[in-house]
Amino acid sequence: MKACKGWHLATIGALMMATSVGTQAAEISFLTHWGPDTVALLDAAIDKYEAANAGDTITVRAVPFGDLLTTLRTSGGGAGGATIAGIYDAWLPDLVRDSLVSAAPEAVASDTTTNWPTGVVSAASVGGSLYGIPNEIDVYALNYNKRLFEEAGIAEAPKTWDEFLAAAEKLTDASKGQQGFGLINSWAAGVLHPFASLLVSNGGDLIVDGKPVLDSQAAKETFELYEKLITSGFSDPAMATADANTTGPFLDNFVSGKTGMIIMANWWESALKAGMGDAFTDIATAPIPVGPSGDTARSISYSWMTVVNAQAAPEEQEAAWKFLSWLNGPDSGENGASAMGDILMSMGILPSRTSDVAAFGDRLSSDPFLLGYTQTLSDAKPFPVVLGGQEFSESLQQTLEALQFGQVTAADAQANAQADATEILERNAK
Amino acid sequence: MTGRQTRSTIGMLAPATGLIAIFVLVPMVLTIGLSFTQWSTQTGFETASFVGLANFADLLGPTSIGRDFRAAFANTAIYTALSVVLILPLSVMLGLLVHQTFAPGGILLRTVLFSSYMVPMIAVALVWSKLYSPTEGPINQMLGWVGIPPQTWLSSPRTALVSIVLLNVWQQVGYFTVLAVAGLTQIPRSLYEAALVDGASAWMQFWRITLPLLRNTLLFSAVIAVINAVQVFEPVALITQGGPVNSTNVMTYHIRRVGIERAQGGLGSAMAVTLMLSLIVVIVLLFTLLRDRGEQR
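As given, the protein sequences belong to chains P and V, one line each in that order.
Read in order, the letters of the first sequence correspond to residues 951 to 1380 in the numbering used here.
Read in order, the letters of the second sequence correspond to residues 72 to 368 in the numbering used here.
I should point out that these hints are in silico values taken from the structure, not numbers from a laboratory.
Some hints could be false.
Below, a list of computed lysine-lysine pairs in the DSS-like style, where the Cα atoms sit at most 30 Å apart [unchecked claim]:
no. : chain 1 : residue 1 : chain 2 : residue 2
1   : P       : K1170     : P       : K1120
2   : V       : K201      : P       : K1096
3   : V       : K201      : P       : K1223
4   : P       : K1096     : P       : K1223
5   : P       : K1126     : P       : K1096
6   : P       : K1331     : P       : K1161
7   : P       : K1126     : V       : K201
8   : P       : K1170     : P       : K1331
9   : P       : K1120     : P       : K1096
Source: prediction; values computed, not measured.
Whole structure, please, built from the sequences with the hints as guidance.
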């Protein structure tokens, strides 16, 4: 253990040296979408870092998730933009194309390649170059209300789509304003990711080799599942609205026990705890039910990373990479975890650094809420990272919302989704 | 005018016109120029490549670009029309209530009405998004007391845009009431006294004196209301994100989404130019319409 610790220190020392040659004291900023409680933890880590690195000053700028990309694009392109930003991996190719983010220095890239799983590193890379240090990894699981399950006489979480529909039917009670399964609308990722998770759990994919494959049999069955949920009244789209903070009626309905099941990511834990208080113990998680064309429970996965502004001054970029190396390194947190790992776990978010996964092993394997996610992690499929990913997501969101509100049939939705995705990806790839 | 006078006039006008040129005309001309290019908003202008009318063709085409643009354009037109149609009569009605001297409370009513205009939109959005909540919102609870079933408000594509319009009317009507009151104070009392002598009822006085003499005020109010409505952005960005099913995706929000989030600067500029031209047409029509009515009279 001591040898391991010594190796970590040597690595960090080398990284510090590699990134601090000629480094001057710098004022840098960190743009994030985290809430106040999490920002407070980041501030505490920054205080610790600043105490050991006199001269470097780091300030945190927090914006709602819905404004993060816009803030990054409007202020990130200039030297006055945030030096560091936490971004969603699907945005990376477009940000690299527009020269908004800088490639990681060799030492950082080497350390990241060594200490993170290959799939996560590839999601933070474009054209073979690493652009960010990965932090959180998110997968999707079925969240369900055990109290409502018990009242409806359902013994366990559904494992197949047939069991899922049967449970949704039993949980639906219009007289109480209660729906079996909660859909989401007005939030691109909130609409798309649960659909994509059901699709991959049915053996399908969104995009393969840069081309959309929404015309598959697996996709057809997934669109039809949505149509059935709506036409049978098991899901009420009027209870599904989200707002700019990714909260709103869809969250209110789940925390107040008016929604029996929902498919959501692991970061959702902190929102549920805040909304439910003691009633949070009613919530359990399970892997996504397997569809008729699927072989095992799957989810899509996506990751977040911290990137550095390519337009920032060289000394600011150096200071930013030095800070990020420390923040994500194994000596900044408790018991061999990184400070970033501590911050992520406070929100119920799965860390991606291998040593963080080991440091939090006990909690990850014993936390009943995270269990449904950790069970899915090894079979998760990364959400496709392509040029035009945001436009693709928003387009599919509109199609799925039109299906939710009965404006199109499942067949039309599938045809529209495939046609639009093909046009969008071809145009953006040019 | 002598040469010295001309130079003096130019010298005095230069600061104001120069600022207008730099901050209004230059961006307008740039936007028009960029609308004929393919350009990422994250790169310098030198990277823009000329594509002719391709961006405008895309706006009219069958792809998701055209469909989303036309939906946003239609939403903006509906939002604008409904806002103006509701705000103007309400402002005149409330203006008459504030201006009258038969009953007390006019100044209090004016203060209450104008206060809604002073509340920041972020606060309005937060409060109204909760008021509109379909399951737990106070509005649906109050409707339930009088036997009206819960409404979907922001949660359905059928009602979301109208719900945003109602929010806008609530916030803006106080400002337009103050404009109406200003117009009412300009009407000479002697006209009403003469009408009373002639036996005109209050209804006749309103149609024959008040409304015609408020014409200029109403024209100004209509122009401002149209411009404000076309520029709607905050409630959409803060509450609905353009949804559900694009039902509240208005032009400014859509241009932000395309031009900034997706960095498609050329396409976003083409949308902005189309919006600007449409606004000019509407304003010119408004002036023509109200001026013609005045001449007929």
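Practice task
Would you mind confirming whether the straight-line C-alpha gap from K1120 of chain P to K1096 of chain P stays at or under 30 Å?
Solution key: With Cα atoms ~13 Å apart, K1120 of chain P and K1096 of chain P stay inside 30 Å; holds.
Exercise for the section: Mind checking the alpha carbons of K1170 of chain P and K1120 of chain P for me, to see if they're no more than 30 Å apart? Expected result: It holds: about 25 Å lies between the C-alpha atoms, which stays within 30 Å.
Problem - Straight-line alpha-carbon gap K1126 of chain P to K1096 of chain P, limit 30 Å - result: 17 Å, holds
Problem - Satisfaction of hint between K1161 of chain P and K1331 of chain P, Cα-Cα up to 30 Å - result: 16 Å, holds
Problem - 30 Å Cα cutoff - pair K1096 of chain P, K1223 of chain P - result: 15 Å, holds
Handout entry: Straight-line alpha-carbon gap K1170 of chain P to K1331 of chain P, limit 30 Å
Key = 19 Å, holds
Exercise for the section: Below or equal to 30 Å on CA atoms is what counts here, so check K201 of chain V against K1223 of chain P. Expected result: 20 Å, holds
Exercise for the section: Quickly compare the C-alpha distance for K1126 of chain P and K201 of chain V to 30 Å and report which way the hint goes. Expected result: This hinted pair holds, its Cα atoms lying about 20 Å apart.
Problem - Straight-line alpha-carbon gap K201 of chain V to K1096 of chain P, limit 30 Å - result: 27 Å, holds
In this structure, every one of the numbered hints holds.
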